[in-house]
Amino acid sequence: MPEPRTIRVDVLTRVEGEGALHIRLRGDAIEEVQLNIYEPPRLFEALLRGRPLEEVPDITARICGICPVAYQMTSVHALEAALGVQISPEIRRLRRLLYCGEWIESHALHIHLLHAPDFLGYESGLAMAADFPQEVNRGLRLKKHGNELLEVLGGRAIHPINVAVGGFYRAPRREELAALIPDFEWGLQAAVETTRWVAGLNFPKFTRPYEMVALVHPDEYPFNEGSVTSTAGTSVAVTEYERHFEEVHVAHSTALQSQRTSGGASYFVGPLARVNLNRDRLSPTAQRVADEIGFVTPCLNPYQSIVARALEVVHAYEEALTIVRDYRPFQPPRISYEYRTGEGRAATEAPRGLIYHRYAVNETGQVELAKIVPPTSQNQKQMEDDLRSFLPGIMHETDERIATLCEQLVRTYDPCISCSTHFLKVYRERH
Amino acid sequence: MAAKPKLAVFKFASCDGCQLSLLDAEDELLALAGAVDISYFPEASSHMAPGPYEVALVEGSITTPHDAERIREVRRQSKFLMTIGACATAGGIQSLRNWGDSQEFLKAVYARPEYIQTLATSTAIADHVPVDFELRGCPINHHQLVEILTSLIAGRRPRTPTHCVCLDCKRRGTVCVTVAQGIPCLGPVTQSGCGALCPAYDRGCYGCYGPVGQSNAASLGDHLVAAGTPPLQLVPLFRSFNGYAPEFKTESDRLAAQSAGGG
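As you go down the protein sequences, you meet chains A and B in turn.
No gaps in the numbering here: position 136 of the first sequence is 136 in the numbering used here, and each next residue is one more.
No gaps in the numbering here: position 56 of the second sequence is 1056 in the numbering used here, and each next residue is one more.
Because the hints were derived from the structure by calculation, they are not lab data.
Since the structure is predicted, the reported quantities are computational estimates derived from the model, not experimental observations.
Hints may contain errors.
Taking lysine to aspartate or glutamate pairs in the DMTMM-like style, the calculated list, with each CA pair at most 25 Å apart, reads [said to hold, decoys possible]: (1) Lys144/A / Glu1247/B; (2) Lys1107/B / Glu368/A; (3) Lys1107/B / Glu247/A; (4) Lys1004/B / Asp1027/B; (5) Lys371/A / Glu80/A; (6) Lys371/A / Asp1101/B; (7) Lys1107/B / Glu211/A.
One-sided and incomplete, this derived list gives chain A residues near chain B with beta-carbon spacing under 7 Å [what the hints assert, rightly or not]: (8) Gly17; (9) Glu45; (10) Leu47; (11) Arg51; (12) Arg62; (13) Cys64; (14) Gly65; (15) Ile66; (16) Ser124; (17) Lys144; (18) Glu151; (19) Gly155; (20) Ile158; (21) Asn162; (22) Tyr169; (23) Arg173.
For every residue, glycine included, the Cβ atom is placed at its ideal position computed from N, Cα and C.
With the rest of the complex left out, here is chain B:
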């Protein structure tokens, strides 16, 4: 039998929640630890083996000059690099600085901003190095994570569902919150992964899993405006945890311009 594949977990600007998802796979964790060689996972172990690694999980976005360098080294050391979560795949909530003045943001938090080294933007890993697979979510779904790791160990191509949240609501039997209650919801343009949680709790989807393929965000934006929500109120809905994903960014910018133009 071949040697166990070496797995590494790297963190950039993030909340730790996506790598915690690996430890949240309580039922599979010990089996997984038996099937792979967990070579670098500082949150869980003091054992830190040098690369190269067969599989690298990368959490977080790039926000500092040092991290922009570090991700290149991670890429060099990793055969299969998978990003986990909205920060790594779209820049995360911290990408709100991309619309503002990052120096002004620093001044709002620190008395001495000149001591802080940070980039003007928070960007996705794929903006810096080639990425082999992106696992969406804020946070990721640990069942999907285990499924993908299992695929990789078995030499299968990893897959995750790519339909929109709306289909999951139908499957779950949840009455549409937009149609029935007039609540703005990103379900039609957001990728599945959470199991359509928010509508089942009487609130609109806020886009944790990012834009679904071939989404028509402008059509949804127009519909929600026509149904009575002012464009200005829709801007933060599109501009949040996956706000810097191109489809959501374009729509939030369009709505912001519409709002400014319409007075």
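Chain A on its own, in the form it takes in the complex:
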């Protein structure tokens, strides 16, 4: 029997949060694939209990410093469902605008500083800057625009303070938003350039028969609302999410990983899933660029997620410009409500994919139960499955090269593992 060959990536880099990868091979057999996310658990679902419901968007923001808006948006929609609050069209538009800022900031960071270095052979975006100054500087400027929008509308880019259950604490003044227009007009063109650039990268030939899942809305590209839809034909209301997708605490593991309730299969969430399911509802410029670069949907190559991200940056700029140009201040910025006992669910689209929250609240306005399913915990099982399918084709490589290639495959998901509402650790052994 040949000696086992162990490949370890002790620290996954250029991902948010901390994780490791352990692979054990014996001969041509894969003995073990572990995606070990060793983020210490922070127990948000437990600590939310008993807190005033008004604080929930402030607290859940702290799950993730990269996508706080996703947690805030999902919390307020779920709590509004519990309280029976109907928000106004003006509030709804401003929430889409806030999400545009987060997608721009998060996607621009991943595309230019975290992911592109893999295709071009650099250890970081900063190291890449010497040879690709134009691209890196463009990425930094796009990211800055996203942050500026978050600052105007949310008060600050990380952990915005203006999101409230029922709406916003204060609606922005028209001139505050209008000041963004020149930068955003430049940014829309720059995002098109970025899309053309990433479309020309050299993608490894790797596709899988993914079931991709995203929100789908009849009239718009999904941010805050839609039915939970899969490329395999499932389409259900958000209230039915937990019947179709479950979190499992696997034996011999500490993983809470998501899977399809029926059959236990993995599924794929994120920008590529969104574009595949919503291509016709991308903004006009994003659709035109997708056609120009020959982006064929459904695309089942995870490495091309970088192109999907870039198309979404184009979309976010174009939609943000539309909202900002039409904006008029309105009253009230926040819909009032009475406390009542109830339960509410919501799903929205975080930069990294579908995110789901459920809350129960009581008649004194306190949280009684919180359930939070972040995008990366949903992709976790899919990443493992990908690695198992990917490894046989690269067994002949050196251990160091295998480690690098596997890390790159994981990075295509833009995993954000600081969202340790659950401690995600995968441990599998085969005898």
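For chain A, the structure is supplied; the task is to place chain B on it using the hints.
Chain B in isolation, oriented as in the chain A frame:
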């Protein structure tokens, strides 16, 4: 010219937002990367050089036995250790477990809590090792971060403003939300750093930058109770992102006792 100082960024229990602030300094980032040797910053680079380091930025709180060990090694490897953010300086929002039963918290989240290794408390870095400088905020202000790194590179002593949020409201021309609208606000006892954001958005400060030096939290608590907010409602206000900072902890415990005593 001397070799560029080696900078390392370490993460403990946190949301990543404070280290992201370094990447959010878009205008200064490339210049900064030229002035220091970014030796260990896994979120941004696959290049990971071993210590020792001249400057270590530490994000996050200590919540596991492994991390309680790891922070000692980080300290040994680092000449100047600076904590960044409320988790590292006060234990963060995850320190709410310190008032509860951590095993019960685990059971609320996991089907098999026995698999999870965690401490009963979430504590600040300074509770475990000596800290050379604490940068406050939830999240930190990236302008302050750049200013401090610039000071360190230039060999100057780093400084951040230590006045309370109230002064920033006055400078900004924001009408006091407590006086004018009766909204409970932690501005009088919270350190400056955010630019007095919340009152400018018609809401009370919730203490992201932690207690200001010589704060009189009990006086503020008494004032807010006298103005009509029941003590029980003030407990979560003091007990949040910096809730385990001693001044805020003492006041939230006092208000909780007052509420229990008063029925």
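Right, here's what the structure says about each hint:
Restraint check for lysine 144/A and glutamate 1247/B: not satisfied, since their Cα atoms lie roughly 36 Å apart, outside the 25 Å limit. With a CA separation close to 15 Å, the supplied pair lysine 1107/B and glutamate 368/A stays within the 25 Å bound. For the proposed pair lysine 1107/B and glutamate 247/A, the alpha carbon gap of about 15 Å is at most 25 Å, so the pair holds. Taken as a hint, the lysine 1004/B and aspartate 1027/B pair is honoured in the structure, with Cα atoms around 20 Å apart against an allowance of 25 Å.
Pair hint lysine 371/A plus glutamate 80/A holds up; C-alpha atoms about 15 Å apart against a cutoff of 25 Å. Between lysine 371/A and aspartate 1101/B, the direct Cα distance comes to roughly 19 Å. Compliance with the 25 Å bound is thereby established for this hinted pair. Taking the CA atoms of lysine 1107/B and glutamate 211/A, the gap is near 32 Å; set against the 25 Å cutoff, the hint is violated. Because the beta carbon of glycine 17/A sits about 6 Å from the nearest beta carbon in chain B, less than 7 Å, this interface hint is met.
For glutamate 45/A, the suggested interface contact is upheld, since its CB lies about 5 Å from the closest CB of chain B, less than 7 Å. Because the closest C-beta pair between leucine 47/A and chain B is about 4 Å apart, less than 7 Å, the hint holds. With a cut of 7 Å, the hint placing arginine 51/A at the interface with chain B holds, because the nearest CB-to-CB distance is about 6 Å. With a least beta-carbon distance of about 5 Å to chain B, the hint placing arginine 62/A at the interface is held under the 7 Å criterion.
The interface hint given for cysteine 64/A holds, since its Cβ lies 5 Å from the closest Cβ of chain B, which is under the 7 Å cut-off. A cut of 7 Å between beta carbons decides the hint on glycine 65/A: the least distance to chain B is about 2 Å, and the hint holds. With its C-beta approaching chain B no nearer than about 6 Å, isoleucine 66/A sits inside the 7 Å limit, and its interface hint holds. Of the supplied interface hints, the one on serine 124/A holds, with its beta-carbon coming within about 3 Å of a beta-carbon of chain B, less than 7 Å.
Taking 7 Å as the C-beta contact cut-off toward chain B, the hint placing lysine 144/A at the interface holds, the least distance being around 4 Å. Taking 7 Å as the C-beta cut-off, the interface hint given for glutamate 151/A is violated, the closest approach to chain B being about 9 Å. At its closest, the beta carbon of glycine 155/A sits 5 Å from a beta carbon of chain B; the interface hint therefore holds under the 7 Å criterion. Interface hint at isoleucine 158/A: satisfied, since its Cβ lies 4 Å from the closest Cβ of chain B, which is below the 7 Å cut-off.
Taking 7 Å as the C-beta cut-off, the interface hint given for asparagine 162/A holds, the closest approach to chain B being about 5 Å. At about 5 Å, the closest approach between the beta carbon of tyrosine 169/A and any beta carbon in chain B falls short of 7 Å, and the interface hint on this residue holds. At about 12 Å, the closest approach between the beta carbon of arginine 173/A and any beta carbon in chain B exceeds 7 Å, and the interface hint on this residue is violated.
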